[in-house]
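K.L.:
Residues per chain are reported as follows:
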Amino acid sequence: MSSQDDVAADAVRQRPTHEKGTFRGRLLELADSEVFKGSITLGPVLVLLTVFYAIPVVLLLTYSVFIEDPFSSGLTFDHFGRFIDMSAVTSFQFGELSYVRLLGRSLGIAVIVTVLSLVISYPITYYLGQYAPERWKIVLVMLVIIPFWTSYLIRTYAWIPILSTNGFINGTLTALGLPTLPLLNNMVGSIIGLVYVFVPFTVLPLYASMEGLDPSLIEASRDLGASRWEAFREVVFPLTLPGALAGGVFVFIKTAAAYVTPSLLGGTSGRMYAQVIETQFGSAFNWNFGAALSVILVVVVLGTIWIAMRWGINVKGSRGLGGGGL
Amino acid sequence: MASTLHLDSVTKDFGDVRAVEGVSFDVEQGKFLTLLGPSGCGKTTTLRMIAGFETPTEGCVRLGDTDITAQEPYRRPTSMVFQNYALFPHKTVGENVGFGLKMRDVPRDERSDRVAGMLELIELPGIEDRGIDELSGGQQQRVALARALITEPEVLLLDEPLGALDLKLRKNMQVELKNLQEELGITFVYVTHDQEEALTMSDEIIILNDGEIEQRGTPTEIYESPRTRFVAEFIGDTNLLDGTYVENGSGATVECGGVDVPIDSFSAVTDGQSLSVSIRPEKIELGGRTGNGTTVTVGGEVKDVIYQGNVAKVHVDIDGTELVLEQQVIDTVNLPTPGSECTLSWDQENTNVLTG
Amino acid sequence: MVTGMKSRRKFIATTGSIGALGTIAGCLGGGDEDVVNYFSWGAYIDDDWIQPFEEDTGITVNTETYESNADAINQIETSPEGTYDVWTPSAPGADFERAYRNDLLDPIDLDNVPGWDEHIFEEMKLDEFSFDGEQYAVPMTFGFDGAIYNHEEVGDLGDTISYDVLWDEEYDGEITTRDDAATQIWTAAKYLGQDPDEPEDLDAIEDALNEHVDLVNTYWTSSADSIQNFQEGEASIGTSWDGAYHRLVDDDQPVSLAFWEEGTIGWFDCFCIARGSENKEAAEQFIDYMISEVPREWFEGPEYIVVSDAVEYTDEELETYNLEMALENTEFPAYNDDDEIQTYDEIWTDVTV
Chain W
1 MSSQDDVAAD
11 AVRQRPTHEK
21 GTFRGRLLEL
31 ADSEVFKGSI
41 TLGPVLVLLT
51 VFYAIPVVLL
61 LTYSVFIEDP
71 FSSGLTFDHF
81 GRFIDMSAVT
91 SFQFGELSYV
101 RLLGRSLGIA
111 VIVTVLSLVI
121 SYPITYYLGQ
131 YAPERWKIVL
141 VMLVIIPFWT
151 SYLIRTYAWI
161 PILSTNGFIN
171 GTLTALGLPT
181 LPLLNNMVGS
191 IIGLVYVFVP
201 FTVLPLYASM
211 EGLDPSLIEA
221 SRDLGASRWE
231 AFREVVFPLT
241 LPGALAGGVF
251 VFIKTAAAYV
261 TPSLLGGTSG
271 RMYAQVIETQ
281 FGSAFNWNFG
291 AALSVILVVV
301 VLGTIWIAMR
311 WGINVKGSRG
321 LGGGGL
Chain D
1 MASTLHLDSV
11 TKDFGDVRAV
21 EGVSFDVEQG
31 KFLTLLGPSG
41 CGKTTTLRMI
51 AGFETPTEGC
61 VRLGDTDITA
71 QEPYRRPTSM
81 VFQNYALFPH
91 KTVGENVGFG
101 LKMRDVPRDE
111 RSDRVAGMLE
121 LIELPGIEDR
131 GIDELSGGQQ
141 QRVALARALI
151 TEPEVLLLDE
161 PLGALDLKLR
171 KNMQVELKNL
181 QEELGITFVY
191 VTHDQEEALT
201 MSDEIIILND
211 GEIEQRGTPT
221 EIYESPRTRF
231 VAEFIGDTNL
241 LDGTYVENGS
251 GATVECGGVD
261 VPIDSFSAVT
271 DGQSLSVSIR
281 PEKIELGGRT
291 GNGTTVTVGG
301 EVKDVIYQGN
311 VAKVHVDIDG
321 TELVLEQQVI
331 DTVNLPTPGS
341 ECTLSWDQEN
351 TNVLTG
Chain P
1 MVTGMKSRRK
11 FIATTGSIGA
21 LGTIAGCLGG
31 GDEDVVNYFS
41 WGAYIDDDWI
51 QPFEEDTGIT
61 VNTETYESNA
71 DAINQIETSP
81 EGTYDVWTPS
91 APGADFERAY
101 RNDLLDPIDL
111 DNVPGWDEHI
121 FEEMKLDEFS
131 FDGEQYAVPM
141 TFGFDGAIYN
151 HEEVGDLGDT
161 ISYDVLWDEE
171 YDGEITTRDD
181 AATQIWTAAK
191 YLGQDPDEPE
201 DLDAIEDALN
211 EHVDLVNTYW
221 TSSADSIQNF
231 QEGEASIGTS
241 WDGAYHRLVD
251 DDQPVSLAFW
261 EEGTIGWFDC
271 FCIARGSENK
281 EAAEQFIDYM
291 ISEVPREWFE
301 GPEYIVVSDA
311 VEYTDEELET
321 YNLEMALENT
331 EFPAYNDDDE
341 IQTYDEIWTD
351 VTV
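Residue numbers (the numbering used here), protein chains in the order written: chain W, 1 to 326; chain D, 1 to 356; chain P, 1 to 353.
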């Protein structure tokens, strides 16, 4: 209502008029224009976005479509062609599509890490948001945040003596007379390291959602015959889905492009896509192909998220997961 | 199946705070019981223990012969209507009302039939597909009621369900709720801090104060014969007089400053002990009184007349003690004028001796 | 190729690093003061070595580290000329030759580096350090991609081992080798008896690497990586740099070092002057100081063989770090052009995915 009133008031309000034609008049007119006002407020943000996001992205795009050096060699799509070897596709030798397989593996790991992060975050944030005594909440949330104070690299290195063959876990297993587990230098190592690093990123937005969740809704569902699991499925999950999506999307993006963790913990079988990109910019001296691989990653990840978001909206539109309707 | 709800010496502590202390009562099947009291008196906690959201520290809750003290909420044949309705914002009206049936795995067709019937009952037919945010407060209230009733609970628990409605709607809903309860024959346990609501709807009222029961009775008993100072003050307006108990032969008097209030002799107190009495303003009349029973008559001076439309409050000073009486306004000309001498009278039966 | 690289540098320099320019100018500008901008591996930078030089000469040494030869080449290529004065690529062949071909090097005037004559071992003065009669590199350390094994796990295998062990099922899951396409192709070619610098059958090499990858526990990318693999029990046999071996021994790990029967990759880390250096004389003075005054500390630090007699090796050390045998057993991989690198990289990606 009030916004409509504002619009009406705006229409009635006399716009200041300036002498037309004179320089001063035109200047005043410009200063009064919405475009000018808009660019003043948006300006710093736009500059920031341009410097930190637009320029690097344009650089990547530029490199990806030139044979070698931008503007001094010809345009080509060969770098993208190298990603999908058409001869392998037409001869059904899909195993030959190394880059596609690698990207698929990275996305798969990203999905696993995202789901695990959410699965771990849900009980933590449910407790924090619904049960934890008020005065402890801030302390507990701090405990989640404190690891951020240490470098990502150090936190990842710390896993090596825990997961290795001579490490803490396997040492304990050996002491108990149990066989050792291969936890380091494989996909398991990558996943453990990534989940550890990214759980806080799902905890924080989910906590915000949980805090906002009216506990009487959960009680109402329990009262009406829902078991704990049903109460979660019918009430807690759909109502905290925005928080889960916010955290999940972030973790998915970051993990799909993970480099450090798989390099340190993933060994050969846990190798991920970003490592191959790094090789192109590093020892392979092929920036153009590296740029093309990066562009493909960005497009595929954004596409995946777009699909996931559509799904999320549908979920909301159907008013509840678990079957909708009556 | 007629099951009486029993609470036996139920106590609930939250840390060091005792919210409910030794509360016991029974509610017969089909009765409308109200737990009335100011905020923090333990009425909601008591309700939540019946619902199963809180476990009593001591004591037990039984329904018929079944001890349900430790039963999970979703296994109890109770349903709760929440103060803020607690409707699921992400579900339609139909999904909200049908939720309890879905949890009981009632087939979809039967569910939608029963939801339609329930919406019919609350006089909001055909709104199954609406979103909760499209409903008015009153409609949300009815939908919350429908959602709680559809599982055919033996006991319906209502936690200040009308608190968020405006006055007029609240009055209508009070009547409708009462009618609905009589129609369905379900036990209602109703929590409110609104005495008028309690008096209007209840078969019986339990007044809670500081986690303990002050008085239990029908609305008439509670209003007409408050037994404690707390009840007298909490329910309606009253003249509270503190005085000294004096025996005088056949009867007794409570000497309250300028007024001596005669009462029947009272064995619980001895001569000279302090005692309080209460007299409702509407029980006091201006002028002499001709009626059966014993009439108490005192003289005083009109201090103030407050006109309130259908009634007027007349403040009278009797040798330094003030009494307020309420008079029906039939004709404004007949209202007393401040400063004039007057006589007050009331039936001695309407003097309540307060024991607590 | 050479011109192409130049234009890439220009393109990046004028777009991406406008902001960086300011920063670098701020840090390194320094007005009329004498400076040397020294760009090297972290292990080759130590304040204890640099400080006396600064005090004696009044020249300020600015340092920056890199993680790999490729990093260094990329960074020098994309930074404005004159950003770096002294750097330390591995020579001969591979990265050193790439640096020369991409025009990242300026010649060194040995007249300004008397230490070259006074201290550097004669047998280490390779012809490959110069192009067209101009000197481009002064060697400092010598190392090789030796065979390291945990003798408690695999037994005593002697001091010369065949590459066959890297394809031996007996060591399934205990092998670690270097995560580097060129090195892997070179090694596999040796294993198959092909010419490692111009392998004739790349398909056979890819097949061999596919067999190898199944036996590998993990590949290493840095000295620290490979040390950790042995410390943590992830690997018991594989390739590593000799410096890593010496540090494992210092850590009391039960490891032995050996040469590869078919040929071991060797390398020198050399001082070079970056193209466009504006402090060439100070740079030469710094190089001379580093090969004349610091070798002992340098040798005791990263634990590679330092090819200067200024180290003053003891007899015992000469025996442990058997320089003659090392030189005899090592080979220096040839330079690979961009097409070869791309081919090798594709093979390596196929193998590891």
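The hints are simulated quantities; they were obtained by calculation from the structure and are not laboratory data. It should be emphasised that the depicted structure is a prediction, and the values quoted were computed from it without experimental measurement. In this text, a Cβ means the ideal position worked out from N, Cα and C, and glycines have one as well. Please note that the accuracy of each hint is not assured.
[Said to hold, decoys possible] Label-pair restraints from in silico Cβ distances:
id, chain 1, residue 1, chain 2, residue 2, range
1, W, S151, P, D103, 31 to 39 Å
2, W, T174, P, R296, 40 to 48 Å
3, W, F92, P, G82, 36 to 44 Å
4, W, R135, D, V329, 29 to 37 Å
5, P, G82, W, T174, 51 to 59 Å
6, P, P80, W, G212, 51 to 59 Å
7, W, G212, P, G82, 54 to 62 Å
8, W, I40, D, N172, 54 to 62 Å
9, D, P77, W, Y53, 58 to 66 Å
10, W, W136, D, S24, 56 to 64 Å
K.L.:
Next step is simple, just say for each hint if it's right about the structure.
P.N.:
For each hint, the structure was consulted:
Roughly 37 Å separates the CB atoms of W/S151 and P/D103, a value that falls within the hinted 31 to 39 Å. Separation of W/T174 from P/R296 is about 43 Å and conforms to the stated range, judged on CB atoms against 40 to 48 Å. Restraint check, W/F92 to P/G82: a C-beta distance of roughly 55 Å breaks the suggested window 36 to 44 Å. Taking the beta carbon of each, W/R135 and D/V329 are about 56 Å apart, not inside 29 to 37 Å as hinted.
Judged by the Cβ atoms, the range 51 to 59 Å given for P/G82 and W/T174 holds: they are separated by roughly 57 Å. Judged by the Cβ atoms, the range 51 to 59 Å given for P/P80 and W/G212 holds: they are separated by roughly 52 Å. Take W/G212 and P/G82: their Cβ atoms lie about 57 Å apart, and the range 54 to 62 Å holds. At roughly 55 Å, the beta-carbon separation of W/I40 and D/N172 lies within the given 54 to 62 Å, and the hint holds.
A hinted range of 58 to 66 Å for the beta carbons of D/P77 and W/Y53 is consistent with their spacing of about 60 Å. Take W/W136 and D/S24: their Cβ atoms lie about 36 Å apart, and the range 56 to 64 Å is violated.
When held up to the earlier numbered hints, the structure conflicts with 3, 4, 10 and fits the remainder.
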